[in-house]
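Next come the chains, spelled out residue by residue.
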Amino acid sequence: MEQKERGYNVRAFGIAREIIGERQYFVATDGRTVGELRTLLMLKFPQLTTLRSLMVAVNNVYASDDQPLTAGDEIALIPPVSGG
Amino acid sequence: MIKITEKPIDIQKVVETASSLNAGAVNLFVGTVRSRANNKNVLWLEYEAYETMAIAEMKKVIEQASHRWPLLGWAVIHRIGTLKPGETSVAVAVSTPHRKDSFEACQFIMDQIKAHVPIWKKEVFEDGEEWVSARPEMVAKN
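Protein sequences appear in the order of chains A and B.
Just so you know, the first sequence maps onto residues 626 to 709 in this note's numbering.
Just so you know, the second sequence maps onto residues 261 to 402 in this note's numbering.
It should be emphasised that the hints constitute simulated quantities derived from the structure, not laboratory data.
A few chain A positions that, by computed beta-carbon distances, are all more than 12 Å from chain B:
| no. | residue |
| --- | --- |
| 1 | V652 |
| 2 | R657 |
| 3 | T658 |
| 4 | G660 |
| 5 | T664 |
| 6 | T695 |
Reference excerpt, derived from the structure (chain B facing chain A, CB under 10 Å, subset only):
| no. | residue |
| --- | --- |
| 7 | E308 |
| 8 | M313 |
| 9 | E317 |
| 10 | H338 |
| 11 | S349 |
| 12 | H376 |
| 13 | V377 |
| 14 | W380 |
| 15 | A394 |
Even glycine gets a Cβ: it sits at the ideal position worked out from N, Cα and C.
With the hints as extra help, turn the sequences into a complete structure.
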C-alpha cells in the first residue's frame with residue numbers, strides 16, 4: 626500500500642494497542658521528533674494520557690522526546706512494562 | 261540463552277544452560293503466576309512482548325550484570341501468551357564461582373527485567389481484566 630502522506634508507522638503494544646485499536650497505526654505528520662509524535666498520538670487517542678507512562682522506542686531502543694525521527698525508523702509505543 | 265517462548269518453560273534446561281564446571285553456584289529464579297490479585301481470583305494472564313526489543317534489552321541486562329559480577333553462565337527465558345495460575349512465566353539462572361555473587365546477580369537481572377524489558381501482562385478476572393501497572397492506582401477504598 627502506497628503512503629502518499631508524510632508520516633510514521635507506529636507499533637503499539639499492550640494497553641496502548643487496545644486504546645489505539647490496532648497493532649500498527651500510521652501517523653500523518655511533518656513532525657520530526659519523538660515528542661511531537663507522542664503529542665499527536667495523545668491528542669488523537671486521549672486515553673493514552675491516563676496511563677502511568679508512555680515511552681517511545683525507536684529501532685528497538687528507548688528514545689527521549691527530543692530525538693529526531695527518520696523515515697524508515699521502527700517506532701513503537703511502550704506503555705508501562707509489566708514483565709516477569 | 262536469552263529467549264522468549266510461547267511454550268512451557270523447561271526449568272531443568274535453564275539450569276543446565278547456565279551451569280559451568282568452573283562455577284560453585286548456580287542460582288535460579290522462577291517467576292510464577294499467582295492465583296489471586298486485588299483480592300480476586302485470576303482466571304489467567306495474557307503476556308505480550310515487543311520481541312526484538314525485549315531480547316535486546318535482556319541482552320543489555322546480562323551485559324550489565326556481567327560487568328558487576330563474574331558470571332560464568334546464564335539463561336533467561338520469558339514466556340508469552342496465555343498462562344494459568346501456577347505456570348512459570350519467567351526463569352533466570354546464573355552461575356558464578358562463589359554463591360554470594362550468584363544471589364546478587366540473579367536478583368539484579370530479574371529486577372532489571374521487570375523495570376525495563378518491553379513485556380506486558382494483563383490479568384483476567386471473572387468480572388473484568390486489567391493491564392498490570394498501566395494506570396495510576398485509584399485512591400484506597402475505606
